[in-house]
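Asks: Spelled out from the first residue to the last, the chains are:
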Amino acid sequence: MSEASGSPVLAFEDVHLSFGAVKAVNGVSFTVNEDELFAVIGPNGAGKTSIFNVLSGVYRPQQGRVVLEGRDLLGMRPPAIARLGVARTFQNIELFANLTVVDNLMLGRHQHLRYGTLAALLWVGRARGQEVEHRRRVEEIVEFLELEQWRKMPVGLLPYGVQKRVELGRALAMEPRLLLLDEPVAGMNLEETEDMARYILDIRDELRIPMIMVEHDMGLVMDIADRVMVVDFGTPVAIGTPAEVQRNPDVIRAYLGGDPDVEAAVEAGVEAAIAAEDEGASA
Amino acid sequence: MTTLMKGTRWGRPELYTDYRQEMALLNTRSKKAGTIAIIALAAVLPLTVADDLLAILYAGLILAIGAIGLNLVTGYAGQVSLGHAFFVGIGAYTAAVISGDPDDRRLGYGIELMPVWLLGAGLAAALCGALIAPVATRLRGLYLAVVTLGLVFIGQYLFREFREISGGAEQSRRAAEPTLFGMNLTEDGAWTEEQKLYWFGLGLLIVMAVLARNVARSRIGRALQAIRDRDVAAGVMGVDLTRYKVIAFTLSSFYAGICGALLYASIGSFTPERFGLLMSVQFIAIVLIGGVATISGTIMGAMLIALLPRIAGELPAFVPFLSGSPSEHPNVFEFQEVMYGVLIVVFLLFEPRGLFGIWHRVRTYWKSFPFSY
Ligand SMILES: Nc1ncnc2c1ncn2[C@@H]1O[C@H](COP(=O)(O)OP(=O)(O)OP(=O)(O)O)[C@@H](O)[C@H]1O
Ligand SMILES: [Mg+2]
Numbered sequence: 000m001s002e003a004s005g006s007p008v009l010a011f012e013d014v015h016l017s018f019g020a021v022k023a024v025n026g027v028s029f030t031v032n033e034d035e036l037f038a039v040i041g042p043n044g045a046g047k048t049s050i051f052n053v054l055s056g057v058y059r060p061q062q063g064r065v066v067l068e069g070r071d072l073l074g075m076r077p078p079a080i081a082r083l084g085v086a087r088t089f090q091n092i093e094l095f096a097n098l099t100v101v102d103n104l105m106l107g108r109h110q111h112l113r114y115g116t117l118a119a120l121l122w123v124g125r126a127r128g129q130e131v132e133h134r135r136r137v138e139e140i141v142e143f144l145e146l147e148q149w150r151k152m153p154v155g156l157l158p159y160g161v162q163k164r165v166e167l168g169r170a171l172a173m174e175p176r177l178l179l180l181d182e183p184v185a186g187m188n189l190e191e192t193e194d195m196a197r198y199i200l201d202i203r204d205e206l207r208i209p210m211i212m213v214e215h216d217m218g219l220v221m222d223i224a225d226r227v228m229v230v231d232f233g234t235p236v237a238i239g240t241p242a243e244v245q246r247n248p249d250v251i252r253a254y255l256g257g258d259p260d261v262e263a264a265v266e267a268g269v270e271a272a273i274a275a276e277d278e279g280a281s282a
Numbered sequence: 000m001t002t003l004m005k006g007t008r009w010g011r012p013e014l015y016t017d018y019r020q021e022m023a024l025l026n027t028r029s030k031k032a033g034t035i036a037i038i039a040l041a042a043v044l045p046l047t048v049a050d051d052l053l054a055i056l057y058a059g060l061i062l063a064i065g066a067i068g069l070n071l072v073t074g075y076a077g078q079v080s081l082g083h084a085f086f087v088g089i090g091a092y093t094a095a096v097i098s099g100d101p102d103d104r105r106l107g108y109g110i111e112l113m114p115v116w117l118l119g120a121g122l123a124a125a126l127c128g129a130l131i132a133p134v135a136t137r138l139r140g141l142y143l144a145v146v147t148l149g150l151v152f153i154g155q156y157l158f159r160e161f162r163e164i165s166g167g168a169e170q171s172r173r174a175a176e177p178t179l180f181g182m183n184l185t186e187d188g189a190w191t192e193e194q195k196l197y198w199f200g201l202g203l204l205i206v207m208a209v210l211a212r213n214v215a216r217s218r219i220g221r222a223l224q225a226i227r228d229r230d231v232a233a234g235v236m237g238v239d240l241t242r243y244k245v246i247a248f249t250l251s252s253f254y255a256g257i258c259g260a261l262l263y264a265s266i267g268s269f270t271p272e273r274f275g276l277l278m279s280v281q282f283i284a285i286v287l288i289g290g291v292a293t294i295s296g297t298i299m300g301a302m303l304i305a306l307l308p309r310i311a312g313e314l315p316a317f318v319p320f321l322s323g324s325p326s327e328h329p330n331v332f333e334f335q336e337v338m339y340g341v342l343i344v345v346f347l348l349f350e351p352r353g354l355f356g357i358w359h360r361v362r363t364y365w366k367s368f369p370f371s372y
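Chains as they are written, first to last, in numbering that gives the first Met the number 0: chain A, 0 to 282; chain B, 0 to 372.
Hints were generated in silico from the structure; no laboratory data involved.
Heads up, a few of these hints could be off.
Listed next, the stretches of chain B that the computed footprint assigns to chain A, with coverage defined by at least 3 CB atoms under 8 Å from CB atoms of chain A [claimed, not checked]: (1) 233-241; (2) 253-267.
Some chain B residues close to chain A (C-beta under 8 Å, calculated; not the full set) [said to hold, decoys possible]: (3) R19; (4) R137; (5) R139; (6) L148; (7) F152; (8) S217; (9) R221; (10) A222; (11) Q224; (12) D228; (13) V245; (14) I246.
Note that the coordinates shown come from a computational prediction; the quantities given were computed from them, not determined experimentally.
Every residue, glycine too, gets a C-beta built ideally from N, C-alpha and C.
Please model the complete structure; the sequences and the hints are all you need to start from.
Replies: Here it is as structure tokens:
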């Protein structure tokens, strides 16, 4: 396992979550450091999305600790966790389909806008001032993600790849301390995938927001992630740099059910994952 | 709060120079001109239209206020409420009690000052909404609809049983009488009662509609729509679902209360039976026909629903098989009973965006007129 650099932003400690007999997350522990792009990979149903749902307060685990910058998140409801700076995108896009791109991003700034119902009714003054100010912030994100031409369109009408980008923008608009990306390039073509990879790297290197990325695209994960965690049946199999993980025999077993020839196993594992992803995309 | 840019330059210089202008309610010249024209037209209408029609239009204007309330909770926040009539009833009785004759055998405080009983009616209804909201926020979709339906029946019971307030079943109670600048709007003077009420209703509707539009375009309105579209995602983005559902119900009920306080000003009185399921359905019909999550559409829908009995009354002259007499079948009265349902079905099937959608299409068509097919 590689030594983590910097201080951890997030510590996920021995988390157990089960749905009846299904152990979705079974004793997972990891940390995410400042400026780190931490990837989580694993076969379908391994518990990756469940980890995100625990982190953002959607699921409540039976056991464990989730500590963000010194604060325990367990038991908090999603809005409270959002206020502490956890933002995420979803595996199956969860945008507000009837709102425009700008309004979706403005919704991301919900917690940064601070005026009440009475101010909203009257609009002039506080409400308008803040709306104008935050609209300007949103415009920065529109430009960053090159969404200019879709600004005023209801997101439900946009192409899939653009929706994925808007969802990333909505999460960025929250000015998160930690960003969770659930399969950011699933179902995208090569060009869209490359664009998304560029945005993700910019977020890490320029905005310096630590990220956890769940992704089936092995090529992308091995290219851009700082560290990778492999989970299988809710259990962590390995954590390390992409190179370390690729050499780890347990990982190969998780993907293939045991193969002595390491090189071939990795190849096949990657292919299996790609096939799984294609399956997911076409489903 | 750290800035998102953290020293990096993001893309090109801004294209927009003034977001305040972009975000204005009437942000284009044509919208501004159109709105002014419609208001001006509506304002001079009483000079040419007969009083009996004006009374109908007044009812439409007041219904529009109530329906805007329902659209906030159902159209914007996506919480289907069949209980709107209950809050309208609370408003009607609160206004009647505050302004009612203290010497009457029924409860009355004799405060005839309109701002007092009008706000009182709105706030009493809003309070009821706020109290019921926490129960409603635990429910979704069909369950919420059924529970709010129950509210209507509870309301019917309460309105009938609190005799000191309503007088009992089928007993009518005098509606509060709007007075403005010392002028009783329900008495004829230089202008007729109908003219004065209509102008008052128009002015109030404009105010209430602007307030509702403000809420709709604010962080509150976005949060409501986010809850409607994706409630889990809304929570994850920092929207406290319970809080915003309570806000939606409270605001919605406030509008209902205002509507109730004024709805019977032109008729003069009302009975507990008014606030039944039919009224709730009528409001749902207005929202669906006018268009979900649009304020201007709601106003169009309310006017159409208010005028519908009148339109139906004229029908026998045009539709040969429809009779104007109750003893023959099919007659207009039967037709009136089914038309809400028919209109709801027709709009849901053919124009889910309601009258607003139709209007929007007409507008777009004319905008691109020389180039369209
Ligand atoms: N709400 C739920 N109720 C019951 N079981 C659930 C629930 N959410 C997840 N599970 C189960 O938990 C396990 C892990 O699911 P999860 O969605 O976390 O997998 P995943 O790794 O994200 O898979 P994929 O790659 O397909 O997205 C699966 O067996 C799933 O069926
Ligand atoms: Mg998943």
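Asks: Taking the hints in turn, state whether each one holds.
Replies: Hints, verified against the model:
1. 233-241: holds (count 8)
2. 253-267: Three-residue rule not met by the region 253-267 of chain B, so violated; n is 0.
3. R19: holds, 5 Å
4. R137: Violated - the Cβ of B:R137 stays beyond 8 Å from chain A, reaching only about 14 Å at its closest.
5. R139: Result: violated, 16 Å to nearest chain A Cβ.
6. L148: Constraint on B:L148 not satisfied, violated at 26 Å.
7. F152: Nearest chain A Cβ about 30 Å off; hint violated.
8. S217: holds, 4 Å
9. R221: Since the shortest Cβ distance to chain A is 5 Å, the answer is holds.
10. A222: At about 6 Å, which falls below the 8 Å cut-off, the nearest Cβ of chain A leaves the hint on B:A222 intact, so it holds.
11. Q224: holds, 6 Å
12. D228: OK, holds: B:D228 within 8 Å of chain A, min 4 Å.
13. V245: violated, 10 Å
14. I246: holds, 6 Å
Consistency note: the structure conflicts with the earlier hints numbered 2, 4, 5, 6, 7 and 13.
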